[in-house]
Amino acid sequence: MEFRIDLSAIAQRRLRIQLALEPGPESDFIEFFLPVWTPGSYLIREYSRHILSLDAVDGVRGVGLEVERPAKNRYRVRTPEGCERVVLRYEVYAHSLTVREAWVGEEFAYWNGACAYLWPVGSEASAARIRVELPTGWTLFAGGSVTDGAFEVRDLDHAVDTPCVAAADPVIVEFAALGRQHRFVCAGLAGLAPRESLANDATRIVEAAARVFGGELPFTEYSFLSLFGASGRGGLEHCDCSTLLAPRTTFAEQNDYEDFMSLVAHEFFHVWNVKRMRPKDLMRFDYEREQHTTLLWVAEGVTAYYDDHICLRTGLYSPRRYLDVITGHIRNMRRMPGRLMHSLADASFDAWIRFYRPDENTRNSTQNYYSNGALAAICIDAWIRDATEGARSLDDVMGTLWRETESTGYALEDVLAAIDAAAGETLAADVRSLVEGPFDPDLDGVFRRFGLALDPGDVSAPRLGVQFERGSTKIATVFDGTPAFDAGLAPGDEVLAVDDLRVDAANWTTVFHEAVAPGEPAVILVAREGRVSEFEAVPDHDDVTNLRIVPLPEPSDEQLSLRVGWLGEASRTLR
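FYI, in my numbering the residues of the sequence shown are 23 to 597.
Everything labelled a hint here was simulated from the structure, so no lab data went into it. Yeah, the Cβ is synthetic: ideal placement off N, Cα and C, and Gly gets one too. Treat the hints with care, since some could be wrong.
[Stated by the list, open to error] Cβ pair distances, simulated, as ranges:
no., residue 1, residue 2, range
1, Leu74, Arg379, 22 to 30 angstroms
2, Asn383, Leu214, 36 to 44 angstroms
3, Thr448, Gly213, 53 to 61 angstroms
4, Ile194, Gly459, 45 to 53 angstroms
5, Ala42, Ala413, 43 to 51 angstroms
6, Trp530, Glu426, 50 to 58 angstroms
7, Gly213, Ala413, 47 to 55 angstroms
8, Thr349, His535, 18 to 26 angstroms
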C-alpha cells in the first residue's frame, strides 16, 4: 500500500493524493474510510467534508472503477474480476492553519494524518509507504525518519500519529538531551529567527519532564514541528513529535516566549501522559466515533499543571511569574459558574459536545478541564507534600502510573491508588469529591500550606457579570448567578447606556466604575432584537479581577520548607 502526495497545487490550496494497493482475492470491492477525529482533539471534525474530488482506476488497465458512498466518511470501490491494482485518487482542501487539519501555502505545507489518509477497512494493522512529491527546494519533515521525501508507517495508528511538514526554507534548531536527538522544525517565520536560547531552554524542559517518569526517554529521536503564522496558538501531541502553532512574533517578547515554552513543555509531557499511558477508554482508538472518558482532567489537566511547573523548575519562570499564571487559572475558574454543576469528570466526558463546541452558555454549563484540572493537580500535589512533609509529591504519582499502566491504560482507581501510595494515607475520598462534585476547592487553604494566601485585593469595583464580544458592548455571555443574570440581561443584548450615560467598548470600564456602586441599583439600557429596553441591575463587588497569591508575612519553618520544595529556593524571598 502506497500513498503519493502531490504538493504542486499550492495556489489552489490542495493536497493531491493517490493511494495504490492490491485488492483482496475474495472480495469484489474495497471500502475506504477517513477518520472523523484525531486523537488528542476531542471533537468530531468531519474531515471528509474537505475531500473535493475522488475517483478510482484499475492501476494496470487504466479503466475507471465504480465508487459508492456507504457512509459520510466511507468510499467503496468496486473491483471487477481481473483487477490486480486499485488506484484511489482524491484531493483534500488544505487551508486550515491548525494542528488538527491541513494547510498548503507558499512557505510550507502541513497535514495531520487523520485528515489526509483514506484507509482500507479491515487493513488498519497494515503497513504503508508514504511518498511526497515536493516543490523544488522543499524538504519533508515528519515524526520519524524521512528518506528522499518518503517514509514508512507501521499501521493506521502510526500514520495518524505522524504529521508532516514540508517547507522551502525552514529554520532547524537541533539539540541533544539524555542521549537522544531533538529538533525544532520552524516553518513560517518569514525571515524572523528563534531565540538563541531555544535549544538550551528546550533541553532543560526535556530533562525536567523525563525526571518525573524515571529519567529516560522512550523514543530514539523527537521533532517539534513548529508552525508560525499571523496569529493562533495550539499544540497536538504525538509519540515521537508534536505539532506547535504560534504567532511568528513569539520570540520577540519575553511573555510570548514563555507562553511558547509552556506549550513546548505541555506537548512534550504528553510523550508519557497520553501518548504512552492514558485513560483505558482511549487505549485503542476508534477513528469513526466519539470515545468518552471521565479522565481528561488527568490526561490534560495534570499535564497543564506540569507545563507551567516545568517552566518554573527549569528557571524559565520565576516563582512570581508562576504564581501569576496560577492566579489567571483561578480567575478563569471563578468566572465559570458551570463548575458548580458540572464536575471535572463530567466535563471530561462531555468534551466532545461542550468544551470543543463553545457557545454563549458554555461557561455556565461546563468547566475547563485543562486549567481547572491544573488547579485540581495543585491541590493533590499540596496534599501529598503536606502529608509527607515534602518527601513525596505528584511526581511520585505520575511515576507510579508510568511504571504500572503504560501498556494497559489507567482507570480512576489506578490514579487514586497511586495518590494514596504517594501520600501514605487515604486521600481517595477527597480526590473524588474534588473531581466528581462541584469544583470549588479551598485554594486559600491549599496555599497556606506553603505560607501563601489568596488576597482578593481591592474589591470596591462593581461587577455586572457579563462578557462582551471583542471590541463591542454586545453581550457574549451572561454568567449565571450574577447581577446581570438576575436582571434578565441576555447574550446578544447590546448595552447602550448605564444610568443615562452612553457607553461603548472604549469607555465601558471607566463609565461603569464611575457611575455605579456595588449594592446600588443601576439602569442598563440595551438593544435587543431591534428594540430598546431598560433593565435594573444591582451590581455586586468584583472580588476576582484583583485577586493575587501573596506570601504570608511570617510563615512557619514548615510552611517555608514546603514552599521551597514546591516553588524552589528563590521563593524564600517571594514578594
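Hints, one by one, checked against the model:
For Leu74 paired with Arg379, a C-beta distance near 25 angstroms keeps the hint of 22 to 30 angstroms intact. For Asn383 paired with Leu214, a C-beta distance near 40 angstroms keeps the hint of 36 to 44 angstroms intact. Hint check: Thr448 to Gly213, Cβ distance near 58 angstroms, so the stated range 53 to 61 angstroms holds. Checked against the hint of 45 to 53 angstroms, the C-beta distance between Ile194 and Gly459 comes to roughly 49 angstroms, which is consistent with it.
For the pair Ala42 and Ala413, the beta carbons lie near 60 angstroms from each other, so the given range of 43 to 51 angstroms is not met. A beta carbon spacing of about 53 angstroms between Trp530 and Glu426 agrees with the range 50 to 58 angstroms that was offered as a hint. Under the hint 47 to 55 angstroms, the C-beta atoms of Gly213 and Ala413, about 51 angstroms apart, fit the expected range. Range check, Thr349 to His535: Cβ separation about 21 angstroms, and the 18 to 26 angstroms hint holds.
The structure shown violates just one earlier hint, number 5.
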